[in-house]
Amino acid sequence: MAEPVSFTSSNCRNNVNERPSSCDSNRNIEGTSYANPSPINLVTNSLQDISRKYDGLNFIATGAYGTVYKARDLLNDGQTVALKKVRIPLSEEGVPMNTIREIGLLKQLESFEHPNIVRLLDICHGCYHRPQGQLDIFLVFEHVEQDLANYLEQCPSPGLGPDIIREIMHQLLSGVDFLHSNRIIHRDLKPQNILITRNRQVKLADFGLSRVYGHQILLTPVVVTLWYRAPEVLLQASYAMSVDLWSCGCIFAELFTRKPLFPGKSDPDQLGKIIDIIGTPDETEWPSDVSLSWTSFRHSRGVPFENLIHDISPEGKDLLHKLLTFSPTQRISATNALAHPYFKECELCPLNR
Amino acid sequence: MASLSSNWVRNDSSPRVVDFKAVRCIFESGIKLEAKPQAVAMAATLYHRFFEECNPEDYDHYLIAATCLYLAGKVEENHLKIRDIVNVFHKAIHPKLEPLDLAEEYWLLRDSIVQCELLLLRVLKFQVSVDHPHRYLLHYLKSVQDWMAPDIIAKLPLFRTCWSLLCDFYHLPSCLCYKPQHVAVAIIYLALECYGVTVPYNSDAVLQWHEVNIYVFYHNFISM
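For the record, the sequence lines run as chains A and B.
Start counting the first sequence at 1; every next residue gets the next number (UniProt numbering).
Start counting the second sequence at 1; every next residue gets the next number (UniProt numbering).
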């Protein structure tokens with residue numbers, strides 16, 4: 001065996017071949033140190049092990065993107081945090097470029113501390129699964145008890161008042177606008193990943209990692225909901241930021257009625273439900289090169305929104321129309337939606353923060 | 001193997017010299033591999049940040065430097081082949097040696113870079129996005145250029161000098177201490193001083209040119 005693995009010094013023992021297969025990832029790297037074997041506490045001082053920092057990993061849920069745990073942060077007065085486990089593949093080339101870029105971007109976003117974005121507190125490393133060449137990474141987020149789906153479920157009749165709906169929508173769109181101005185498309189906005197605190201502060205979660213999770217999503221049996229998918233996504237045409245605004249539109253309607261606007265069961269069924277309500281789009285708006293053709297849906301004149309949502313104001317209806325526009329290029333942007341007359345009164349009623 | 005054991009890195013005097021040599025290796029390799037300037041600057045930044053956290057005595061600086069360049073290539077979407085990095089670094093450190101064979105030593109070095117990349121990411125806590133001074137420098141230079149007489153600008157290698165100063169600045173850890181905007185302004189200031197050139201009417205102005213620049217920048221920034 002060739003002795004030196006470092007570029008220069010040979011007096012240090014490089015035990016690359018003695019890589020321990022244990023789960024302790026600190027030692028894992030330690031075993032492959034390139035220069036003088038460094039004392040273990042050197043690394044552990046700057047990088048804490050997940051089990052040392054967080055106590056009581058309780059399983060919360062298995063989402064489409066992996067497992068979420070709830071834990072206590074031992075270094076911060078035992079506050080509750082949500083740990084999201086992401087398994088990333090390590091090839092001969094090391095960590096994939098997308099993973100590095102997207103996690104770096106999340107860290108960058110965090111420095112802005114936007115009020116409508118869930119806080120990313122830390123990133124920890126977990127086990128290295130040597131046979132599969134996979135590394136577990138834990139993303140540590142603040143833990144918010146409730147999501148919008150629960151919130152709507154528990155809301156007593158007759159539902160949320162118009163002011164609360166306006167306030168939630170304003171925060172939701174502010175969060176989306178922030179992501180979009182940082183060139184992030186959420187791609188999967190839905191009530192389950194919109195968190196809402198006790199002070200009714202809205203926080204978006206689960207964004208920006210769709211490509212990091214990308215390879216896992218095909219492997220999970222969890223059904224991904226279609227209800228908030230924009231038509232261009234269902235048609236597998238090219239899509240952009242505007243897919244998130246479609247989801248916002250669906251959620252906007254749901255805030256009034258407390259039930260999903262388009263509860264589709266499959267891609268064609270979902271599109272059919274959309275067309276039943278918003279009406280058949282112009283044939284020129286139908287994307288080219290998609291498997292489902294314009295003619296495969298029966299013609300619909302659409303249903304006026306006020307028939308579905310009785311207590312919507314004229315401005316609210318106009319905004320909903322602009323959000324649920326079939327053509328992605330015609331759909332309103334988050335910035336313009338925030339400037340919509342519907343939110344005019346919003347500034348008069350300051351949010352309780 | 002004997003030649004690899006030349007231990008001149010550790011025998012060198014101060015850690016600053018070691019840093020300087022390692023970063024110079026990054027620049028040399030970056031140029032040979034035709035990496036983007038941002039990727040090379042990123043590599044140098046990662047290198048200094050790593051040694052801010054870790055004891056310099058514990059690591060092989062050249063291995064860290066090579067890994068930084070590899071990681072920076074990924075961060076800046078300027079993918080550099082790990083094989084090229086191994087070879088170019090080997091040549092930069094041992095100019096007199098034959099290139100590495102595709103033998104065990106090569107594979108070990110390559111494997112070490114992959115492992116070291118994980119170490120880097122962990123030490124840096126995945127914080128790998130950096131706002132570089134390069135684009136600020138370019139914008140500021142354009143504005144300064146418009147203020148000055150065309151014949152002065154044509155005569156002076158102002159852009160080249162600024163660029164070289166910026167590259168040199170990355171050789172020491174102090175490049176981590178300043179905002180990218182400030183670095184850019186300071187470099188233009190220094191370059192103008194070097195050539196003894198002043199920005200027209202600067203002495204009559206209420207604000208110095210560089211103050212204006214910062215002021216304009218902040219003003220734009222706040223109004224955003």
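I should point out that these hints are in silico values taken from the structure, not numbers from a laboratory.
Keep in mind that a hint or two might mislead.
Here are the computed lysine-lysine pairs in the BS3-like style, where the Cα-Cα straight-line distance is at most 27 Å [claimed, not checked]:
1) 265(A) with 344(A)
2) 125(B) with 85(A)
3) 91(B) with 107(A)
4) 36(B) with 125(B)
5) 53(A) with 125(B)
6) 91(B) with 142(B)
7) 85(A) with 53(A)
8) 125(B) with 70(A)
9) 21(B) with 107(A)
10) 344(A) with 273(A)
11) 344(A) with 322(A)
12) 91(B) with 155(B)
13) 81(B) with 107(A)
14) 32(B) with 91(B)
15) 91(B) with 179(B)
16) 125(B) with 142(B)
17) 70(A) with 53(A)
18) 81(B) with 32(B)
19) 36(B) with 107(A)
20) 179(B) with 96(B)
21) 322(A) with 273(A)
Cβ-to-Cβ under 8 Å is the rule here; a few derived chain A residues that face chain B [what the hints assert, rightly or not]:
22) 104
23) 121
24) 123
25) 152
26) 271
Glycine included, every Cβ here is placed at the ideal spot set by N, Cα and C.
Consistency of the hints with the structure:
With a C-alpha separation of about 37 Å, the suggested pair residue 265(A) and residue 344(A) falls outside the 27 Å cut-off, and the hint is violated. Between residue 125(B) and residue 85(A) the alpha-carbon distance is near 16 Å, which keeps this suggested pair within the 27 Å criterion. In summary, the hint linking residue 91(B) to residue 107(A) is not supported, as the alpha carbons are separated by about 35 Å, beyond the 27 Å threshold. Pair hint residue 36(B) plus residue 125(B) holds up; C-alpha atoms about 24 Å apart against a cutoff of 27 Å.
A distance of roughly 14 Å separates the Cα atoms of residue 53(A) and residue 125(B); the hinted pair therefore holds under the 27 Å criterion. For the suggested pair residue 91(B) and residue 142(B), the alpha carbons sit about 38 Å apart, so the restraint of at most 27 Å is broken. Under the criterion of a C-alpha separation no larger than 27 Å, the hint pairing residue 85(A) with residue 53(A) is consistent with the structure, at around 15 Å. For the suggested pair residue 125(B) and residue 70(A), the alpha carbons sit about 21 Å apart, so the restraint of at most 27 Å is met.
A C-alpha spacing of about 30 Å is found between residue 21(B) and residue 107(A), which places the hinted pair above 27 Å, so the restraint is violated. This hinted pair does not check out: residue 344(A) and residue 273(A) have alpha carbons roughly 32 Å apart, beyond 27 Å. Proposed proximity of residue 344(A) and residue 322(A) is supported: the alpha carbons are some 16 Å apart, at most 27 Å. Taking the CA atoms of residue 91(B) and residue 155(B), the gap is about 37 Å. The hint is violated against a cut of 27 Å.
Straight-line distance between C-alpha atoms of residue 81(B) and residue 107(A) comes to about 26 Å, which keeps the hinted pair within the 27 Å bound. The straight-line distance between the Cα atoms of residue 32(B) and residue 91(B) is roughly 11 Å, inside the 27 Å bound, and the hint therefore holds. At most 27 Å may separate the alpha-carbon atoms for a hinted pair to count; residue 91(B) and residue 179(B) exceed this at roughly 34 Å. A C-alpha spacing of about 36 Å is found between residue 125(B) and residue 142(B), which places the hinted pair above 27 Å, so the restraint is violated.
The suggested pairing of residue 70(A) with residue 53(A) holds, with an alpha-carbon distance near 13 Å, which does not exceed 27 Å. A threshold of 27 Å between alpha carbons decides the hint, and for residue 81(B) with residue 32(B) the separation of about 13 Å falls inside it, so the pair holds. Taking the CA atoms of residue 36(B) and residue 107(A), the gap is near 23 Å; set against the 27 Å cutoff, the hint holds. A hinted pair counts as satisfied when its Cα atoms are at most 27 Å apart, and residue 179(B) with residue 96(B) does not qualify at roughly 40 Å.
Distance hint between residue 322(A) and residue 273(A) is fulfilled; the C-alpha atoms sit about 18 Å from each other, no more than 27 Å. Among the interface hints, the one on residue 104(A) holds; its C-beta lies about 4 Å from the nearest C-beta in chain B, closer than the 8 Å criterion. Hint status for residue 121(A): violated, given a least beta-carbon distance of 11 Å to chain B, over 8 Å. Restraint check, residue 123(A) versus chain B: the minimum CB separation of about 5 Å is within 8 Å; hint holds.
Of the supplied interface hints, the one on residue 152(A) is violated, with its beta-carbon coming no nearer than about 35 Å to a beta-carbon of chain B, more than 8 Å. The interface hint given for residue 271(A) is violated, since its Cβ lies 35 Å from the closest Cβ of chain B, which is over the 8 Å cut-off.
Of the numbered hints stated above, those contradicted by the structure are hints 1, 3, 6, 9, 10, 12, 15, 16, 20, 23, 25 and 26, listed in ascending order.
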